[in-house]
Structure formats: C-alpha cells, structure tokens
Amino acid sequence: MASLILSPAEQDYITRGVEKGLRADGRGGLDRREVSLQTNMISQANGSARCRTGHLGVGTDVLVGVKAEVRTWTAGEPEDRGAVECSVECSPSAAQKFEGRGADDLNVELTQLLDRILGGPQSGIDLGALCIIPRQAYWVLHVDALVLDVKGSIADTLVWAARAALLSTRLPRVVVESVADEDGNMQSEFDVVDDPEDQVPLQGAEDLPLAVTFSQIGKRYVVDASEQEDAVTQARVTVAVSPQMDICAIQKGAALRGFPPSLLTEILHSARTVAREELLRFKDLFAAASAKSASGADEPSTASTFIGTF
Amino acid sequence: MPAGDADEHVGGGGRIGMGVAGLGPAKRGGGAADAVVRERIPPGREHDALAYLTDPKQGDVKTLTAQARTLRKVTLRRRWQALYDEYWKPRNRLQLDLEAASPISPTTRRRRMRDTPRPQTDRVAGTPSWDAARCMDVDMEAPAASVAARIVTPGSAITSDPAFMRGHGTFGEGGTIYSSVAGVVERINKLVSVRSLKQRYSGEIGDIVVGRITAVGSKRWSVDVNSRQDGVLLLSSINLPGGIQRRKSESDELQMRTFFAEGDLVFAEVQSYFVDGALSLHTRSIQYGKLRNGTFVSVFPQLVPRSRTHFHTLPCGVDIVLGVNGYIWVSKHVPAAAVEANAEHIYSDKNEPIADEEREAIARVANCIQLLNRLYVKITETSVIFAYEESLGHAAKDLLALDTATELAHGVAARLKQQSE
Numbered sequence: 001m002a003s004l005i006l007s008p009a010e011q012d013y014i015t016r017g018v019e020k021g022l023r024a025d026g027r028g029g030l031d032r033r034e035v036s037l038q039t040n041m042i043s044q045a046n047g048s049a050r051c052r053t054g055h056l057g058v059g060t061d062v063l064v065g066v067k068a069e070v071r072t073w074t075a076g077e078p079e080d081r082g083a084v085e086c087s088v089e090c091s092p093s094a095a096q097k098f099e100g101r102g103a104d105d106l107n108v109e110l111t112q113l114l115d116r117i118l119g120g121p122q123s124g125i126d127l128g129a130l131c132i133i134p135r136q137a138y139w140v141l142h143v144d145a146l147v148l149d150v151k152g153s154i155a156d157t158l159v160w161a162a163r164a165a166l167l168s169t170r171l172p173r174v175v176v177e178s179v180a181d182e183d184g185n186m187q188s189e190f191d192v193v194d195d196p197e198d199q200v201p202l203q204g205a206e207d208l209p210l211a212v213t214f215s216q217i218g219k220r221y222v223v224d225a226s227e228q229e230d231a232v233t234q235a236r237v238t239v240a241v242s243p244q245m246d247i248c249a250i251q252k253g254a255a256l257r258g259f260p261p262s263l264l265t266e267i268l269h270s271a272r273t274v275a276r277e278e279l280l281r282f283k284d285l286f287a288a289a290s291a292k293s294a295s296g297a298d299e300p301s302t303a304s305t306f307i308g309t310f
Numbered sequence: 001m002p003a004g005d006a007d008e009h010v011g012g013g014g015r016i017g018m019g020v021a022g023l024g025p026a027k028r029g030g031g032a033a034d035a036v037v038r039e040r041i042p043p044g045r046e047h048d049a050l051a052y053l054t055d056p057k058q059g060d061v062k063t064l065t066a067q068a069r070t071l072r073k074v075t076l077r078r079r080w081q082a083l084y085d086e087y088w089k090p091r092n093r094l095q096l097d098l099e100a101a102s103p104i105s106p107t108t109r110r111r112r113m114r115d116t117p118r119p120q121t122d123r124v125a126g127t128p129s130w131d132a133a134r135c136m137d138v139d140m141e142a143p144a145a146s147v148a149a150r151i152v153t154p155g156s157a158i159t160s161d162p163a164f165m166r167g168h169g170t171f172g173e174g175g176t177i178y179s180s181v182a183g184v185v186e187r188i189n190k191l192v193s194v195r196s197l198k199q200r201y202s203g204e205i206g207d208i209v210v211g212r213i214t215a216v217g218s219k220r221w222s223v224d225v226n227s228r229q230d231g232v233l234l235l236s237s238i239n240l241p242g243g244i245q246r247r248k249s250e251s252d253e254l255q256m257r258t259f260f261a262e263g264d265l266v267f268a269e270v271q272s273y274f275v276d277g278a279l280s281l282h283t284r285s286i287q288y289g290k291l292r293n294g295t296f297v298s299v300f301p302q303l304v305p306r307s308r309t310h311f312h313t314l315p316c317g318v319d320i321v322l323g324v325n326g327y328i329w330v331s332k333h334v335p336a337a338a339v340e341a342n343a344e345h346i347y348s349d350k351n352e353p354i355a356d357e358e359r360e361a362i363a364r365v366a367n368c369i370q371l372l373n374r375l376y377v378k379i380t381e382t383s384v385i386f387a388y389e390e391s392l393g394h395a396a397k398d399l400l401a402l403d404t405a406t407e408l409a410h411g412v413a414a415r416l417k418q419q420s421e
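Those protein sequences? They're chains A and B, same order as listed.
Each residue of the first sequence is one higher than the one before, counting from 1 in our numbering.
Each residue of the second sequence is one higher than the one before, counting from 1 in our numbering.
Calculated directly from the structure, the hints in this document are not laboratory data.
All the given hints hold, so there is nothing to weed out.
List time: in silico DSS-like cross-link candidates among lysine-lysine, alpha-carbon distance up to 25 Å:
no., chain 1, residue 1, chain 2, residue 2
1, B, 332, B, 378
2, A, 219, B, 350
3, B, 248, B, 219
4, A, 219, A, 20
5, B, 198, B, 378
6, A, 20, B, 332
7, B, 198, A, 97
8, B, 417, B, 378
9, A, 20, B, 350
10, A, 252, A, 219
11, A, 252, A, 97
12, A, 67, A, 292
13, B, 332, A, 219
14, A, 283, A, 67
Here are the in silico distance ranges between beta carbons for each label pair:
no., chain 1, residue 1, chain 2, residue 2, range
15, B, 155, A, 104, 30 to 40 Å
16, B, 340, A, 247, 53 to 63 Å
17, B, 197, A, 257, 36 to 46 Å
18, B, 381, A, 19, 27 to 37 Å
19, A, 21, B, 286, 34 to 44 Å
20, A, 265, B, 258, 39 to 49 Å
21, A, 20, B, 340, 26 to 36 Å
22, A, 272, B, 244, 57 to 67 Å
In this text, all values refer to a predicted model and were calculated from it rather than measured experimentally.
By construction, the Cβ of each residue, glycine as well, lies at the ideal position given by its N, Cα and C atoms.
Next comes chain A alone, as it looks inside the complex:
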C-alpha cells in the first residue's frame, strides 16, 4: 500500500515520534482519530451504515450494505445454518492506486478479513436462527462494502461500518407451516411476510466484534495509522475483539514483515484495552446515528456542513 513515498527525513521524524509516543499529528500511540457513523441510508438494503475515520470530518470512508436473500439448500452445505457472505471493493475514486487492477490485492485482503470476523460462530451472529427450514431453505446475508475514500486505517473503519450495518439490519419475518402432501407426508413450507413494519433484528448482532489494527513503526506500534504512517509501517496486524473481550480473529497485513514475539504479546494485550474503549464509543455513536435515521433527519454529512463556519 506504500504508494506514497516519503523522504528519509520524514520517515525518521515519524518513526522517532512513534517511539517517543508523540505522533506527527499530536496523538499518542493508542489514540484514534475521530469517527463518524451514519446508519440506514440505503433504503433497498436490509441494513446499511457508513463510517468515516479521519480528522475534521474527512478521511477513510466505508459504506456497507447488508442484503438478505433466501437460498435453497443444496447437498453438501451445512444443514441447519444460514450464511454470511462478504465482499469488499475499493472504489477507484478513493485513490489513484486503486485504478485498473490496483485494488485487487487489497480487495482480497479486506474481504478475507471480513469473512474471518463474520463468517463463523466467532462473529456472535446466531447463524442457526438464519436457517428457515433445515435442508431446505436458509437466509444468506450479503455484506457488501465499498471503500469510498482512503486516509489510512481501512480495516478498522470497514469493521466499524460492517458492525453498524449488521446491527441496523432488519429481516422480514418468515412464517413456517407444515402441510401434508398427497402421500400424507408432512412437508414444511414457508412464507416471507411482505410487511416493512413486521421485521425482526438480527439475532446476536450485539455480540459482533470490533477490530483494532496495530501497525509497527520502528520499535513501537500504533493504532489507526494515518496515510503517512502507513507508508513507513513495517508490519500490521488486525485483531477483532468481541464485547465479551474475547479475541475472535487475527489477520496479519499482506506483504509486510513480521512482528517480534514479545511485541505481538503486548499487542494482543493492548487490543483488549483499546477495544473496550472502542466498543463504548461505538455504542454512543451508533445510538446517535440510529436516533437520527429514525427521526428521518436527512442532514448532509459533516464534510460539507463544516465549511460553512466562515
């Protein structure tokens, strides 16, 4: 991802700053930039969210939509479970390096990360509840993310947006009934209730984890690396922590060096500390965002409203 080339003097300034615990923008090692959250802005999706990490309302911007689909069971698939399918796409308008096939590697890396966090029981989502009729039909949740702007720390923003989108997801209610066919065998049939008022939230969405990405710069590490810090990052690891403070998933950033074992232990330890604060912050922002979307206030995002001060 290091398309930005820094001069040796800048690299030295950033590295030494990180080692001293005072970064180029004044933050400490474990401080995150401001995050803004918006939910339910896509009416066609079952749930959606947009998350932005950055200074002064501009920065990494990720839009996530969740679409639920009923799928017929085919042999070989798990019998009594639903599924979550993730896909991440970096928009070429976000950065020049994403043009053409430039974003392919990053798309794969981020899709894999999201799959790793959401794809199994570690996600907290009750996959059993997504099964409609065993061996017959189940819900598939398509979690589609679009990265609209990049200013460092894509993974964290992506997981924030995905968590908010899944929390705001409402599934149509399904009525299952048993009917006897000609031979007298009992057959299950289902009916999706087509009423926008009669929808149920996703079970277990409150247990979804949040991710914290650590970037090693020099001898120390930081969370929420800026674009310039990304350019001098030696190694990167994303840790997903559930609200129960369990580590649910770990993924190391591609094509970089490794961590010294002692540093990794320290990182896993501080991941819990950071995640605890993050989850509290998420809770507040999500509550504010849902209240805003429920009241139907169609306010433009901070990016344009802030300029008006002068």
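Assemble the complex: chain A is given as a structure, and chain B must be docked to it using the hints.
Structure of chain B alone, referenced to chain A:
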C-alpha cells in the same frame, strides 16, 4: 438659442426644421452638432426630424446630409439604450462583486444598488455599461447577491446570452454556456469563467514552492509540485554542497541521488517555464534545498497567497515554509547562522535531535494549518499564528476533532475580522 426655446420648436413635425436648421452649416457632422441634435430632439420624434432633414427642398443638401447622418447615429444610440434598459436592467439584481459578498446583508446591498446613480451608457452603442458588465445572470432566479448565488456545479447553465465569451471552467452547447467545474462564477467584461473550489497549482515565475522528487532522470529530477504536470529541477540549477561554484560534470551526473532521491522534499523557486508549460525550478540559494526536521502538510493551493516571504519563523519556535503550490513544510526552528555554517551538509537526510516540546509545537502548528485549510481560510503567517494562539487551550491532538475545531474556527474568524478592520 436657449434650450427651453428649442423644446417648444421641436414639438411638431413642421416646426422641427427651425430648431435643427438653426445649427448652422459650420457645425455639420461634428461632435457639437451631435450634442445639439441629441439635446433638441425628444425620444420618439427622430423619424419626423429625419424626414425633414432628408428632404432636399428644405435647404442646403450638404448641411442637411451631415445633420441627417448625426441624427441617424443618435437614433441608433437611443435604440440601443432602450434595448439596454429593457434587457439589462432587470438583470442587475445579482452583483458580481466579491467584496460585496459577505459583510453587507442582501437587503442593504439591494438598497445601495438602487440608490447609486448608474453611469450613463453614452459610449459606443451596444456596449453594456460598467455595472451591466459586472452583473451576472446565472439563470436570473437566485435570490440574493452573494457568493452562494454564484456557486455552480458541473453542468449548471450560466447564461444563454450570445454576448458572452466562455472562459476557463466552462463549455458551450447550443448557444448556452455551462459550467464544467464546481466553483464560483466570475466575469471580466464579456468573459465568463468559473473558478473551481479545488484546483491544481498553476505556477508563475518567481513563486516559492515545496515539491517532492518523483523521479531521477538524466541531468534532471521530476518534482511533484501539485500542478497539472511534474516540475523539472535541472542538475544545473542546484547548488553544490559547500557552495562551490563550478560547472556540473559527468561525475555529478552519476551521483545525482546523493543530492536528491525519490521522495525527498525540496524547497525551490520557479525559474521559468518549458514550452509545454512544465515548471523549471531552481534551488540556487542557501535557504532553498532539501527539507528536514519536520512534517509535511498539503493544503488547497489557492489558499496560499503570493507574498514577499514564504519562510516564516513563528514565535513558538517553529519554522514554516508556505509553498505557493499548497505544499507546506512545518519544522523545528534552525537559526540561519547554523544553516550557513553547515553548508557542506545541505543534502543531508539526517534529522537533528528534536525535543518533545518542539515535536508538540510542530504537531500543533501542522494541525492548525490543516484546520485553516478545512475552513477555507487564507493561510498566511498571521492566520497560522492566530490559530496557534487560539488553540493553546486544547491539547494538540484534540484540535482536529470537529467540536473543538468549530469552536476554534469562530475564535480565528473573530481575530481575522478584527485585524482587517
């Protein structure tokens, strides 16, 4: 003949001859005749006068022809005036005046516009007068004369009047001029252009810029200067370490990366243009050269005004280089004497030791500059100092949070306003 008397005479078609004939043969066709004719003939009666004057029975043909010519001119001019009144005056609601944009309320401005006498359209017929040319008709419906009313987005129709020429940031289709960028409409006489809110830097000779080396070529470096194309720094336009004066040899060519390598930041001046418009830079001064000991901030180039000096030492012990191209370098203060003493090391990549307080001050100044950029305020030494002083009540890392920033914005706005008064 007194003027009042003449007015009586021109009342009817039969008697108008007396007044006009009274001009005398000596004044034919001249400026004076023009004035008299204009004075004597009331609007709407030109036809009668013309019929009389072109009748050969009425006297000396030569005089009459000259007077008729004058009369035609006057008639034509009056028609243009009528056209102007009808066509232009209703459009005067939108004033294209930047200074009129903010401090006065739209009501006051409208009142002022009504009360100020308009300059008489008495020049060449057909040229809209001064204020007409400065008035704007972005679809005529905008409510108030403000900058907001002149903001257009790509594809907005600006005017369909064929009198205007399209300038930068516009395109024409079917006789209408549209905006091709998002920005503010500006008009200079008949040229309509749109100044975009975001734009690339367009260089001028003598500009002080900060650039980043993107490639090392033969005898030259390519430099990213936030412009449409990369600038060029020729090997012949740099200073050698220690200020040695000699021609650059082949051995210098082989060790170009010891001077500047890819990614290095350069403080340079625009020396000239190449034929394709690319900028040629030079660093032939002790203050120019490689940048060290600090951090880089990128802002909108239009926010950095050209000024006498672009290298400032702030009272807080931080040096800033305000590149006209919107690239800004914030670094630890190094006294000029120390720089000159170390002339051998101008191409060094090593930072000097930076104390924590200095680091904090650099971070604070860098954040202040980002804040000013976000607020779309001109970035000058003064505005940076104001923002810095206003920010002292907050921790450097909190400056870029929205609520703190909004609070600071009001403080800085008040200080800047106070200073300009």
